[in-house]
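Here is what each chain is made of, one letter per residue.
2 protein chains.
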Amino acid sequence: MEDLAVPAPLSGGFTYLVAASQTLGLAVILVLGAWMGVYRGGIAWESSELQFNVHPLCMVVGMVFLQGDALLVYRVFRNESKRSTKILHGLLHALALVIALVGLIAVFEYHKKKSFPNMYSLHSWCGIAAFSFYVLQELNEAVFFGGCGKACCSGACGWGCWTLKSLIAVILQWLLGLVFFLCPGVSFSVRSRYKPHHMFFGVFLFILSLATALLGILELLLFKIRDSYSAFVPEGVLANILGLLLVAFGAVLAYILTRDEWQRPPLAEELALSMDFKTLTEGDSPAASH
Amino acid sequence: MEDLAVPAPLSGGFTYLVAASQTLGLAVILVLGAWMGVYRGGIAWESSELQFNVHPLCMVVGMVFLQGDALLVYRVFRNESKRSTKILHGLLHALALVIALVGLIAVFEYHKKKSFPNMYSLHSWCGIAAFSFYVLQELNEAVFFGGCGKACCSGACGWGCWTLKSLIAVILQWLLGLVFFLCPGVSFSVRSRYKPHHMFFGVFLFILSLATALLGILELLLFKIRDSYSAFVPEGVLANILGLLLVAFGAVLAYILTRDEWQRPPLAEELALSMDFKTLTEGDSPAASH
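Line by line, the protein sequences give chains A and B.
Numbering follows the numbering used here, in which position 68 of the first sequence is assigned residue number 68; successive positions increment by one, without gaps.
Numbering follows the numbering used here, in which position 273 of the second sequence is assigned residue number 273; successive positions increment by one, without gaps.
Next up, chain A with everything else stripped away, as it sits in the complex (with noise of 0.2 Å):
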């Protein structure tokens, strides 16, 4: 049962690295700030120009900025229950979510107004496969591990509980919830086993939003500044400069997510709770579940 027990408290580079992390994502929302602010005119809704500009800015918070840092509270708040950082990373995703479909309906209102066509390039194919995958995401992440931790697709903990999710996932989550309350067996195997398919896919999206934030980055310099850009004017350096911090930002998030020593641990609660039911699920003592 070693590999039960509570790890060793986490190294010091964990802290810095967090720390790192987000200095580079908010460097990257201060950079972008500052390209659309002075070389490109500011942000506005109401207008046929600039309402463009809203669009890179709501895809980064929300597609890299808020999207990793959803996927890094299990490890950040590692020592809390599970139910609060389940409740904390559904909030950074619905966020995420929310404030990218802004952006989303900015670039196609603006592509309205000037009569310009929708989805030719690269960047539109990934951008929209990036999105699409991450509302199918998040609609299975409600569905397999919405809840408060405590088994309740099964129907194990009464009433369930509301984790401030779209009402369509409940919904899906209830109607799968009726399916595991019917072959209660299903249900922890079935989610043990999509758990870290589950977690290739976040990470996988996230790389995926970061590549389409650099191909953003490359169109919009060579539609606006196509001639000067060659002549290392500053726009070009700095928009430059923001793709590689993006890459930073990518590469650090990537590298906390991937250790295994930072894994969440399973709390004492936890563990007695999941061995409980795996016992009561699949007919199997605690002690010979190892």
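None of these hints come from the bench; they were simulated from the model.
There could be a bad hint or two in this list.
[To be verified] Capping the alpha-carbon separation at 25 Å, the derived lysine-lysine pairs in DSS-like fashion look like this: (1) Lys224(A) to Lys114(B); (2) Lys114(A) to Lys224(B); (3) Lys224(B) to Lys224(A); (4) Lys112(A) to Lys224(A); (5) Lys113(B) to Lys224(B); (6) Lys82(A) to Lys224(A); (7) Lys195(A) to Lys114(A); (8) Lys112(B) to Lys224(B); (9) Lys224(A) to Lys113(A).
The structure displayed is predicted, hence computed values, not measured ones.
Chain B: place on chain A using the hints.
Okay, now just chain B, sitting in the frame of chain A:
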């Protein structure tokens, strides 16, 4: 000692995913070849126009396909000796570096012939960062992991072995080997602690290379067919599909590389050797070391 036991045989999914990754990788090269051949006039070194087309082909074959496959070999050839796998890993990386270098020379020569400026775009900044770090990573690999897997850096295997890496790398390896020989206790623990960082950095560089390839596709399209790109001309659609194939190749490869259960297990003789060596250098008993 249960974590030292030989794990269960690979699930069928592994074989299918490796096959899928190779199919996607070959599809990437074919689609890129078709793009260059059909729409960009083919390739020719002694040409002021067609020399450019050597660049995307070499960079994708070297920095994406071969670099990706080099990362896979430890998992695919899991039952071969560590020495053979290391040689294949090193050969693929060395081949990738040489091919990528040809691709870099092609684009710099093309720019010189046409009097185009160098290194101003986000694609070139990300590309040169990826290539430089890749060279450093390979030198580092030769220093820390080069050899037959029998702790040759500390002189335990006599003359060491030739991994077909570059001369500089071998000199560096033996210089550091000398340091390790003087302080043998450092070698085993430093290399064990460094390995996960080396693996993370390898996957990071592969993903950065992929993102650079996406930027390169978009940059070439906006330079060559900017006005017709938005009309969904066949060249634009083909290049966008190439971008999605690159994303799919990266996703499948990253999935295979990050599944814990598909890690290469240490073979019986490696286990015995590493335990003996640890005992020898750290004054630790095999029984107490677990």
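The hints, checked one at a time:
1. Lys224(A) to Lys114(B): holds, 23 Å
2. Lys114(A) to Lys224(B): holds, 23 Å
3. Lys224(B) to Lys224(A): holds, 16 Å
4. Lys112(A) to Lys224(A): holds, 19 Å
5. Lys113(B) to Lys224(B): holds, 18 Å
6. Lys82(A) to Lys224(A): violated, 47 Å
7. Lys195(A) to Lys114(A): Violated, at roughly 44 Å.
8. Lys112(B) to Lys224(B): holds, 19 Å
9. Lys224(A) to Lys113(A): holds, 18 Å
The structure fails hints 6 and 7 (numbered hints given earlier, in ascending order).
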